[in-house]
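There are 2 protein chains.
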Amino acid sequence: MFEFVIGRDKLLEKIKDLVARKRYAELRGLLLPLEGADIAAIFEDLEDHDLPLVFRLLPKEQAAEVFVELDSDEQEMLIQGFSNTELKEVLDELYLDDTVDIVEEMPANVVKRILMHSDPEMRRNINDILKYPEDSAGSIMTTEFVDLKKDMTVADALKRIRRTGPDKETINVCYVIDTNRRLIGVLSIRTLLLAEEDDIIGDIMEQNFISVRTLDDQEQVARSLSKYSFLALPVVDTEERLVGIVTVDDAMDVLQEEVTEDIEKMAAILPSDKPYLKTSIWETFKARIPWLLLLMISATFTGQIISSFENALAAATVLTAYIPMLMDTGGNCGSQASVTVIRGISLNEIEFSDIFRVIWKEIRVAVICGITLAAANFVKLLLIDRLLFQNELVTIPVACVICITMVCTVLCAKIVGCTLPLLAKKIGFDPAVMASPFITTIVDAISLLIYFQFASAILGL
Amino acid sequence: MFEFVIGRDKLLEKIKDLVARKRYAELRGLLLPLEGADIAAIFEDLEDHDLPLVFRLLPKEQAAEVFVELDSDEQEMLIQGFSNTELKEVLDELYLDDTVDIVEEMPANVVKRILMHSDPEMRRNINDILKYPEDSAGSIMTTEFVDLKKDMTVADALKRIRRTGPDKETINVCYVIDTNRRLIGVLSIRTLLLAEEDDIIGDIMEQNFISVRTLDDQEQVARSLSKYSFLALPVVDTEERLVGIVTVDDAMDVLQEEVTEDIEKMAAILPSDKPYLKTSIWETFKARIPWLLLLMISATFTGQIISSFENALAAATVLTAYIPMLMDTGGNCGSQASVTVIRGISLNEIEFSDIFRVIWKEIRVAVICGITLAAANFVKLLLIDRLLFQNELVTIPVACVICITMVCTVLCAKIVGCTLPLLAKKIGFDPAVMASPFITTIVDAISLLIYFQFASAILGL
Numbered sequence: 002m003f004e005f006v007i008g009r010d011k012l013l014e015k016i017k018d019l020v021a022r023k024r025y026a027e028l029r030g031l032l033l034p035l036e037g038a039d040i041a042a043i044f045e046d047l048e049d050h051d052l053p054l055v056f057r058l059l060p061k062e063q064a065a066e067v068f069v070e071l072d073s074d075e076q077e078m079l080i081q082g083f084s085n086t087e088l089k090e091v092l093d094e095l096y097l098d099d100t101v102d103i104v105e106e107m108p109a110n111v112v113k114r115i116l117m118h119s120d121p122e123m124r125r126n127i128n129d130i131l132k133y134p135e136d137s138a139g140s141i142m143t144t145e146f147v148d149l150k151k152d153m154t155v156a157d158a159l160k161r162i163r164r165t166g167p168d169k170e171t172i173n174v175c176y177v178i179d180t181n182r183r184l185i186g187v188l189s190i191r192t193l194l195l196a197e198e199d200d201i202i203g204d205i206m207e208q209n210f211i212s213v214r215t216l217d218d219q220e221q222v223a224r225s226l227s228k229y230s231f232l233a234l235p236v237v238d239t240e241e242r243l244v245g246i247v248t249v250d251d252a253m254d255v256l257q258e259e260v261t262e263d264i265e266k267m268a269a270i271l272p273s274d275k276p277y278l279k280t281s282i283w284e285t286f287k288a289r290i291p292w293l294l295l296l297m298i299s300a301t302f303t304g305q306i307i308s309s310f311e312n313a314l315a316a317a318t319v320l321t322a323y324i325p326m327l328m329d330t331g332g333n334c335g336s337q338a339s340v341t342v343i344r345g346i347s348l349n350e351i352e353f354s355d356i357f358r359v360i361w362k363e364i365r366v367a368v369i370c371g372i373t374l375a376a377a378n379f380v381k382l383l384l385i386d387r388l389l390f391q392n393e394l395v396t397i398p399v400a401c402v403i404c405i406t407m408v409c410t411v412l413c414a415k416i417v418g419c420t421l422p423l424l425a426k427k428i429g430f431d432p433a434v435m436a437s438p439f440i441t442t443i444v445d446a447i448s449l450l451i452y453f454q455f456a457s458a459i460l461g462l
Numbered sequence: 002m003f004e005f006v007i008g009r010d011k012l013l014e015k016i017k018d019l020v021a022r023k024r025y026a027e028l029r030g031l032l033l034p035l036e037g038a039d040i041a042a043i044f045e046d047l048e049d050h051d052l053p054l055v056f057r058l059l060p061k062e063q064a065a066e067v068f069v070e071l072d073s074d075e076q077e078m079l080i081q082g083f084s085n086t087e088l089k090e091v092l093d094e095l096y097l098d099d100t101v102d103i104v105e106e107m108p109a110n111v112v113k114r115i116l117m118h119s120d121p122e123m124r125r126n127i128n129d130i131l132k133y134p135e136d137s138a139g140s141i142m143t144t145e146f147v148d149l150k151k152d153m154t155v156a157d158a159l160k161r162i163r164r165t166g167p168d169k170e171t172i173n174v175c176y177v178i179d180t181n182r183r184l185i186g187v188l189s190i191r192t193l194l195l196a197e198e199d200d201i202i203g204d205i206m207e208q209n210f211i212s213v214r215t216l217d218d219q220e221q222v223a224r225s226l227s228k229y230s231f232l233a234l235p236v237v238d239t240e241e242r243l244v245g246i247v248t249v250d251d252a253m254d255v256l257q258e259e260v261t262e263d264i265e266k267m268a269a270i271l272p273s274d275k276p277y278l279k280t281s282i283w284e285t286f287k288a289r290i291p292w293l294l295l296l297m298i299s300a301t302f303t304g305q306i307i308s309s310f311e312n313a314l315a316a317a318t319v320l321t322a323y324i325p326m327l328m329d330t331g332g333n334c335g336s337q338a339s340v341t342v343i344r345g346i347s348l349n350e351i352e353f354s355d356i357f358r359v360i361w362k363e364i365r366v367a368v369i370c371g372i373t374l375a376a377a378n379f380v381k382l383l384l385i386d387r388l389l390f391q392n393e394l395v396t397i398p399v400a401c402v403i404c405i406t407m408v409c410t411v412l413c414a415k416i417v418g419c420t421l422p423l424l425a426k427k428i429g430f431d432p433a434v435m436a437s438p439f440i441t442t443i444v445d446a447i448s449l450l451i452y453f454q455f456a457s458a459i460l461g462l
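Protein sequence lines correspond, in order, to chains A and B.
Throughout, the numbering used here is defined as the position within the first sequence, counted from one, plus 1.
Throughout, the numbering used here is defined as the position within the second sequence, counted from one, plus 1.
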């Protein structure tokens with residue numbers, strides 16, 4: 002693997018060279034031992050007009066593996082160039098859930114061509130899955146699973162797996178259904194292999210299994226798979242009939258996407274599902290500007306607070322210099338608390354009912370943090386600002402105002418930071434939106450209000 | 002699954018009630034159908050003195066499943082209470098990699114007891130894995146895999162799997178080794194089952210496989226597993242000898258942990274591997290205070306900048322009110338760019354060699370964002386602040402200073418935000434540390450310098 006990463010640029014060079022010199026047999030030999038995902042990565046760096054040519058060199062099965070891993074732009078380009086026979090060949094090799102993923106990204110005319118060249122059963126299955134809402138278990142499941150009956154023997158079951166296995170996404174877990182297609186048991190290939198030939202499936206199957214519903218949220222489904230360390234989870238409809246399975250590789254992709262979305266939201270970006278370097282300037286702009294505008298406007302309230310204390314500031318100009326430090330520290334404290342709680346919520350470690358435990362914990366942490374920061378600040382103010390830089394305006398009362406403000410700001414910031422994500426979750430908002438930038442804006446205003454209150458009280462402004 | 006979440010509190014009530022009334026048979030019946038992970042979650046809410054009692058009700062195999070899922074505090078408590086026979090029973094049921102995970106978390110006296118009651122082979126294997134550095138592939142692998150020889154027939158191989166399978170972590174992928182234990186091929190159970198009984202393993206095995214080294218970073222290994230959609234990856238030593246495998250469930254856990262770490266670092270928190278509610282106040286404090294102190298001290302530079310322009314501010318007090326808005330917007334723009342790039346780096350979408358493409362993209366996005374924000378701001382300044390609030394100090398030159406500063410700040414923030422994570426990566430630092438709080442502190446200083454430069458130039462202060 003790591004040899005591959007290091008050698009990638011060289012490999013790309015070599016491939017381009019072979020294409021230019023039309024040494025196709027050699028090129029094919031070079032690609033054959035590689036994994037689909039790696040070839041796809043190389044294809045993205047090839048010239049567009051070379052791509053169909055190189056793609057056609059691959060054997061059918063490998064071609065399908067590579068095709069699945071390509072970005073939708075490249076997939077579309079290849080499909081547009083395919084003859085009908087070529088398209089059918091690639092489609093025949095794809096698993097159903099991958100075909101559905103591709104169909105979801107393609108423009109209408111391409112979708113029509115794909116459906117036209119799928120066999121009738123595949124077409125019906127694609128349409129079935131497309132019905133399910135985005136982000137639901139139904140939309141990421143595959144219907145290509147192994148189903149068994151409970152009165153089969155192990156030998157019958159193995160025969161069935163040998164017969165139907167090649168078209169299934171996985172044979173590692175098999176599902177036992179009754180005559181109404183209701184799911185009644187789950188069986189791993191390991192149990193099956195370790196059993197005796199004449200054991201009855203109904204006797205050895207696991208009857209205590211976990212299943213999900215077609216409309217369950219894909220992130221929750223992926224988290225369950227990870228929590229229980231399963232390789233697949235069965236998806237049932239409202240009548241407990243087995244309609245599909247979600248496999249662990251798709252669950253991993255879902256978790257990665259959801260994490261990226263969460264991180265983007267935490268940084269005040271509207272989530273996108275394209276890699277950064279593939280996103281156009283305009284799309285990036287549209288993802289970033291809404292929050293920037295909103296936060297800019299709310300930050301003007303902070304400005305209003307400063308304006309309304311203009312006289313106090315004019316009387317003690319030294320106070321202005323410490324505004325950024327107080328605001329930044331407040332913002333950092335708030336974002337530490339909020340981000341920790343947001344992550345806890347998405348890992349199902351923290352629930353709304355924990356809110357008082359969380360607040361009580363944050364209060365205690367805030368007090369220790371606040372006092373430590375204030376103490377460090379007090380020493381710095383008097384030793385460095387007053388003694389070293391000879392700033393006579395930094396008197397002990399001024400230092401007291403700054404340090405007391407620090408403690409109170411940290412306390413407020415931590416409480417606001419841990420409470421807002423939980424409240425957001427409660428009222429059905431996405432907690433991730435309540436991260437740093439949002440908290441910062443609120444905490445800025447709070448810290449200034451506290452600052453000027455103490456300044457008025459202690460310095461008598 | 003979802004029924005379980007909803008019913009959890011009720012279930013806990015019921016269990017506590019059955020414990021109190023000593024109705025153990027009924028309690029056992031209640032627990033039997035549940036998954037290990039779910040029982041473990043319930044155990045964490047039980048009273049400490051009830052835990053060993055309820056644990057002993059579980060059948061051996063289920064007890065082991067639950068034990069693995071418990072937090073290390075509870076595991077330690079249970080082990081301390083186990084008789085030697087009980088300890089041996091639980092250990093016998095555990096997979097090697099789970100035992101290693103437990104050993105790593107236990108205090109020395111418990112480790113000694115565990116090693117004393119493992120059989121000699123297990124003990125040697127545990128010690129072997131403990132040798133590997135934390136976060137390496139070796140530290141998360143298991144040595145319980147199925148190995149085959151290339152001259153076996155499929156029937157031989159199936160016989161071997163039936164014989165040794167029960168002790169293996171997975172039989173879904175088998176590994177073919179030569180007489181020196183060098184890995185020469187990989188074979189899925191599906192290929193094996195679909196082959197003819199007298200096929201030779203050497204002919205049907207996959208010779209183009211991906212393997213990792215014992216010292217490879219666990220995150221990279223987990224990403225490879227996810228990228229190639231594998232169920233397990235073989236781990237080889239420097240002489241290509243197969244020493245273990247990493248399975249997909251462990252890879253998922255690694256990815257989740259690494260993401261949590263990244264998110265914590267982005268929020269200026271030192272990463273911890275304990276769930277939030279399990280972390281003590283003191284640990285949370287220690288994880289948060291270093292960055293708070295560092296960032297507080299660096300924020301004082303921002304204060305220095307304000308101090309040095311005190312006269313300018315005194316002459317045009319109106320400028321002070323817009324400092325928070327400029328600083329916040331700069332910080333938000335910078336963190337959008339940095340967080341996007343950090344995530345891109347950890348998903349291997351962006352590399353250092355892309356730095357100029359990234360900067361060029363951010364410059365263009367920054368120009369559009371900056372102009373939009375400045376335009377919105379200009380309108381707001383003149384319509385709301387000047388006309389509505391009758392603030393006569395907000396003249397057109399003042400509005401120009403603020404808006405030009407806005408454009409320049411956004412531009413600098415985006416460039417700094419996208420560059421620092423890539424530079425950090427290049428010099429071997431963790432890019433995630435270069436997120437919002439760090440960028441904010443730098444951008445604060447930059448935005449103030451720009452502000453006062455334009456103020457001096459345009460307003461002639």
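Treat each hint with caution, since some may be false.
If several chains are the same, the list does not tell them apart, and a pair holds so long as it fits within one copy or across any two.
With a Cα cut of at most 27 Å, we get these calculated DSSO-like pairs of lysine-lysine [said to hold, decoys possible]:
#, residue 1, residue 2
1, 150, 160
2, 11, 113
3, 275, 362
4, 61, 15
5, 23, 381
6, 89, 113
7, 151, 17
8, 266, 362
9, 279, 23
10, 61, 150
11, 169, 427
12, 362, 279
Since the hints were made in silico from the structure, they are not lab data.
### Task
Of all the hints given earlier, name the ones this structure violates by number, lowest first.
Of the numbered hints, 2, 5, 7, 9, 10 and 11 do not hold.
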